[in-house]
Amino acid sequence: MGWVTAIGLLSGLSAGFLYAPRDAVQGNVQRIMYLHVPSVLTAYLAFGVVFLASLAYLFSQRSRWDRLAAASAEVGVVFTGLTLVSGSVWGKPTWGTWWTWDARLTTTALLFLIYVSYLLVRGMVEDRERAARFSAVVGIIGAIDVPIIHFSVQWFRTLHQPATLLRPQAPTMDATMVFTLLLNVGAFILFYIYLTRMRLHLTQLEERT
Numbered sequence: 004m005g006w007v008t009a010i011g012l013l014s015g016l017s018a019g020f021l022y023a024p025r026d027a028v029q030g031n032v033q034r035i036m037y038l039h040v041p042s043v044l045t046a047y048l049a050f051g052v053v054f055l056a057s058l059a060y061l062f063s064q065r066s067r068w069d070r071l072a073a074a075s076a077e078v079g080v081v082f083t084g085l086t087l088v089s090g091s092v093w094g095k096p097t098w099g100t101w102w103t104w105d106a107r108l109t110t111t112a113l114l115f116l117i118y119v120s121y122l123l124v125r126g127m128v129e130d131r132e133r134a135a136r137f138s139a140v141v142g143i144i145g146a147i148d149v150p151i152i153h154f155s156v157q158w159f160r161t162l163h164q165p166a167t168l169l170r171p172q173a174p175t176m177d178a179t180m181v182f183t184l185l186l187n188v189g190a191f192i193l194f195y196i197y198l199t200r201m202r203l204h205l206t207q208l209e210e211r212t
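Residue 4 is where the sequence shown starts when you use the working numbering, and the numbers rise one by one after that.
Keep in mind that the hints were calculated from the coordinates and are not lab data. What you are looking at is a predicted structure, and each value in this text was computed from that prediction instead of being measured. Don't be surprised by glycine CBs; every beta carbon is placed ideally from N, CA and C. Among the hints, erroneous ones may be present.
What the hints assert, rightly or not - Pairwise CB distance ranges (calculated):
no., residue 1, residue 2, range
1, Thr100, Leu122, 25 to 35 Å
2, Val140, Tyr22, 41 to 51 Å
3, Gln29, Leu185, 27 to 37 Å
4, Ala9, Leu185, 11 to 21 Å
5, Glu210, Phe62, 20 to 30 Å
6, Leu58, Lys95, 38 to 48 Å
7, Pro96, Leu203, 32 to 42 Å
8, Tyr22, Lys95, 21 to 31 Å
9, Leu185, Met4, 18 to 28 Å
10, Phe159, Glu210, 39 to 49 Å
11, Leu61, Ser91, 34 to 44 Å
Please model the entire structure based on the sequences and the hints provided.
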């Protein structure tokens, strides 16, 4: 799966920076979208898994659900960090600043901090079962921020454009751009699955030693 993931990432990013046409308004800086949008959608997926796995753990008390939630949270934090960094790189030439307290930026930064706190809770509480219960509650509450982030461009005045793919109407982008974006979304989801499986494997090895 590692090779498939690597090929998918190379194909997607190559298409984004070499195959997709140059944006008529933003120019080449718009190509960051092929990194930024897949990162945030993959983060949504990761924290959605945390939400479901945390609920499953609280109801069943089975450790496999806790392990899945923890692994997905770690990977989700990485993708959220990548989202914030790539968004800042994109924002500087388009907005004239690296950071502004835009509603979507602020709620995304809050999401990052919530799940960093989630990971800290797991490390600070020595009793494994208590840590799992506490972190499950944090994981469930934190996931509520995901729809707030997504709909923030509709609920508040923001600098962000409306959703590109997850919108009621058909995307208004060029078909080549849509294909390239979807290719990268698929590649990033594969990357998420690969990283989560690797983290679960490491967790199992740690528990055996």
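These are the hints, each one checked on the structure:
1. Thr100 - Leu122: 25 to 35 Å: holds, 29 Å
2. Val140 - Tyr22: 41 to 51 Å: 45 Å Cβ-Cβ, so the 41 to 51 Å window holds.
3. Gln29 - Leu185: 27 to 37 Å: violated, 20 Å
4. Ala9 - Leu185: 11 to 21 Å: holds, 19 Å
5. Glu210 - Phe62: 20 to 30 Å: holds, 22 Å
6. Leu58 - Lys95: 38 to 48 Å: Between Leu58 and Lys95, where Cβ atoms are some 39 Å apart, the hint holds.
7. Pro96 - Leu203: 32 to 42 Å: Given range 32 to 42 Å: holds, Cβ gap about 39 Å.
8. Tyr22 - Lys95: 21 to 31 Å: holds, 25 Å
9. Leu185 - Met4: 18 to 28 Å: For Leu185 and Met4 the Cβ distance comes to about 20 Å; the hint holds.
10. Phe159 - Glu210: 39 to 49 Å: holds, 44 Å
11. Leu61 - Ser91: 34 to 44 Å: holds, 36 Å
Of the numbered hints given earlier, the model fails hint 3 alone.
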